[in-house]
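Asker: What follows is each chain in one-letter form.
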Amino acid sequence: MKFNFFEKIITPKSPGSLSEKEQERAFVPEEQNDLSVNLPEASYVPSREEEALLSAEKISLRKTIEGGTYDPVFFQFENGESGIFKSWGWQKERAAYLASRLLGLDVVPPTVIREVEAEEGSLQKFIPDASGVAETSLSLEGLSESQQEDLMRIWLLDLVIGNIDRHDGNLLVKGDNVYAIDHGESFYKSGFYNAEEIKDTWNSWELCGSVKFRFFDKKISQPVIQKFTRFNSSPGSKNLLQGMLEDLLGKDPAASCMARLERIGAALGKEGMLSAKIKKAKF
Amino acid sequence: MPYVEIYKLKNDGSQEVAATCRLSGQSVVCEGEGALISRLSGEGIKDYEHSEEHKTLFLSDGIVFLKNLKHAFRSGYLMASDIKND
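Chains as they are written, first to last, in our numbering: chain A, 1 to 283; chain B, 1 to 86.
Some hints could be false.
[As the list claims (entries may be wrong)] Examples of chain B residues lying across from chain A (beta carbon under 7 angstroms, computed):
#1 LYS10
#2 GLY13
#3 LEU36
#4 LYS67
#5 PHE73
None of these hints come from the bench; they were simulated from the model.
The structure displayed is predicted, hence computed values, not measured ones.
Don't be surprised by glycine CBs; every beta carbon is placed ideally from N, CA and C.
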């Protein structure tokens, strides 16, 4: 029997009761009730932001975004939504969003898969008035508490999804919030590598996540530790994420991601931090 | 002379030039938004075309730096052009 996992843990709120942060970011799930954590199956319920992106029909503005290594497109729709559409690497964009949302990290802008102008790809909600971190003088010392929390969550997400290309060019900052974008270099098949296997270092821990904003041997916030612990103790959650990742990326990348997630969750649960020693983990 | 433009995406989907990086002799000179230029100058970018070497490229790497800018800036919000010529 399918249990609609997220209906239990996501209670619709009226827009007026959401903080500005919640309204702009992926909807933050309510606390889980204990009944849900042991169920083997769960089904995914899109957030309101995802529904808005999926249902946006009439295009009011279309602009190809020049530059880079492919041609994303900026769309504005008559329902007020705007987003960036990618017809290349879109599976990884959606997968990164799902990992971010289902883990409760909520650092990737809402991203759906859909057709636009008869082409299939990912449509990611546009964050207006955001700056790339590369355009700012943001440094570890100058971060607000909220920004530091977001960067920590992004770093953890990058370790889970094996993102080997996080830098200031794919971090957005808007006010007190930091967002993670561009996950085209994530979800490789391998797990961790020890020193002997470091030849293929694209997949080593050293290269996952931002070089500048990393949090080895630093206390991770309690809410984040609880999210990982709760997720890893829920067969329904794990099966759901793994199934969705397999559909997008195939079995091996999904399995590697789940194995990293398990390892990170165990370390956080035990020590409250990730030691740099985890870089030598092998599985 | 070869040069690359870095574009910033605006709320209406249009792009404006945030920085221009130009080959000057063997090195690169960048002009534009202060913080972006400082980051490029001080921190460099990854060498995507020789990824197995895990190098960081700086302005002094000249044309190789210019070639890799489009890999570093491809998120949509900040995008680097292909190499152009005056």
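Asker: Give me the numbers of the hints this structure contradicts, sorted from smallest to largest.
Answerer: The structure breaks hints 1, 4; every other hint is satisfied.
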